[in-house]
Amino acid sequence: MARPDSDSDSTRARLRRASRNPRTLAGAFAFALLAMAPALTGWLDEPFYLDLATRILILAIAAASLNLILGYGGMISFGHSAYLGIGAYAVGIPAYYGEYSAAFQLPLALGASALFAFVTGLVSLRTRGVYFIMITLAFAQMIYFAFVSIEEYGGDDGLVIDLRSEMGGIADLESGVQLYYAALTSLVLVTYLVRRVVRSRFGLVLRGSRDNDGRMQALGFNTFRYRLACYVLAGMIAGLAGWLLGNFTNFISPEMMDWTRSGELIFMVVLGGAGSALGPLFGAAAFILLEEFLSGFSIYWPLGFGLILILVVLFYRGGLDGLLDRGARTTRSTGPSNPSSREPERCSTDPAA
Amino acid sequence: MDFTLVAAQFLNGLQLGVLLFLLAAGLTLVFGIMDCVNLAHGSLYMVGAFVCATVTLATGSFLLGVLAALPATFAIGVLVEVLVIRHLYQRDHLDQVLATFGLILVFDTLVHLIWGPEGLSFPLPQSLNGQVVLPGNVVFPVYRLLIIAGGLAVALAMWIVITRTRTGMLVRAGASNPRLVNALGINIRALFTLVFGAGAALAGLAGLLIAPITEASIGMGNEILIVAFVVIIIGGIGSVRGAFIAAIIVGLIDTLGRSFLDGAMKLVLSNQAAETAAPAVSAMLIYILMAAILYFRPQGLFPPRVR
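Note that the protein sequences, when read in sequence, are chains A and B. Every letter in the first sequence is one number past the one before it in our numbering, and letter 81, counting from 1, is 81. Just add 1000 to wherever you are in the second sequence, counting from 1, and you've got our numbering.
Please note that a few of the clues may not be correct.
Here are the simulated lysine to aspartate or glutamate pairs, DMTMM-like style, with alpha carbons at most 25 Å apart [what the hints assert, rightly or not]:
no., chain 1, residue 1, chain 2, residue 2
1, B, K1266, A, D172
2, B, K1266, B, D1002
3, B, K1266, A, E152
By construction, these hints were calculated from the structure, which means they are not laboratory data.
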């Protein structure tokens, strides 16, 4: 996906090539399956699976947002669950005061996420490597503790959201199926948006800065601004996911922004393959299904989960999307898009930095 | 606000700072020398607490608990280094973060498996359970005073080991140029393992020291780990001296902020506004401090000169 299609390609040739690309096929299949999921679960009379699918979609949006900064921007944010929480509280707090309109809640979710991303980005993007990881982690923890200590909104216990956002006739989110389609539409839009952004000049600067920031600066780009803009955009997308999550769970507590949630999001992105358009969806689906599968066995399921995580890191690189990529490798000549295959990022205490 | 209360809270802050230093020292050494982020450091803190609690409850002696937990956490640290961490040194930070995140899940679940979901608490021995009256009529628990003294002693010992002994010299040399040290015939792998084990034992020490006050519980290390991160970010990653100073600063600001911020805010805000805002602000205080320091010094207060 890193290779821009040249204009001389005819549409038919492109389609033919795409139909032979396992990744495109898998993507088309996945979205077709997702579009039909409510009908399937309705037919099977298993509403639980619809809930599972909705959860996958929402987390896929959050993972797509993290993928934008982590996969394409090389910014390993360990505080992404903060935006899920901010988005969800943007449903919960207005609802607490009797304001249910999505026309109010959604802009609030996006605006608050953007503001948080902007302010924390101003500080954290001045650093690189391990500092960036730890600072994003610390900022997320800060917002976590802030909500824990605000008694008015339930503190540790959280807030129950009695009514979902009112969409003013466009959709009725109280219906599980309609909420599902709202999430699916959002995911499609977000995936498209990320793709457009990454392929734009903006995205090229971003990826250039990931691979060699000094060179991009020497070319005259103020990479800090590009990275900050990208960071804010990602924050807003994750805020959208949080807004959906708040509506989905009808409940919000600080636990949603616990730092281990951020770690799970990173795992989803890496599992799916960092820096790939459909990776987040695959990663989120694999993560949730694995969790569901393992937790069916024993309450000690995190043990297996942790071991799988360690083994994936030690022995398997490139994510699920990389698996599909291998099938397509013959027709493609792009460089590795996975940041883990790049040179190890050195800490900024390096005297050369 | 009378003097004795302020003094007692000051000592409480010092005690938190000392604990944070014990935790942060291992973290910053492992990062400074091996260039490796270890999220599972908090797990050793938890294991130290659980082992000490178990042995103390079984034998009735807190001292035996301490003597059992220190080698145990050292051994577990060495084991983890050999099995997992060693393979991550050449990897990028993302891989290190993920794998050590996996380790946290493994540790938390194993502790759940062995000790059950409940926490483990145990009483202090009589000799440590009392209060002392310090000059100025400040009444303070003996045990907390012991934590401060013990932590300061460990900090001093670390300083001596790192700056005055051959091992410390090798550690410093390994931090600035591991390949060269290796070429000079020093087994750098063994040295790394040793440092990692020592860091694990320090984390275990911090955990077992706090266990009689709170209790040993699952996930106890995960929350304080983030504060330890804040400490080493403020201090400059890789610097033990920076970690010490930052730990004391963070410990004091956090404790004093929680105790006195609402009073201070009442001076400028209405009573009710202060009551609502103070807990949230004091919970965020150390992170705001971190952000402010980083804004002016992105590499922390004492970045190591050679890396």
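Hint-by-hint comparison with the structure:
1. K1266(B) to D172(A): The hint is violated at about 46 Å.
2. K1266(B) to D1002(B): Distance ~17 Å between K1266(B) and D1002(B) Cα, so the pair holds.
3. K1266(B) to E152(A): 19 Å, holds
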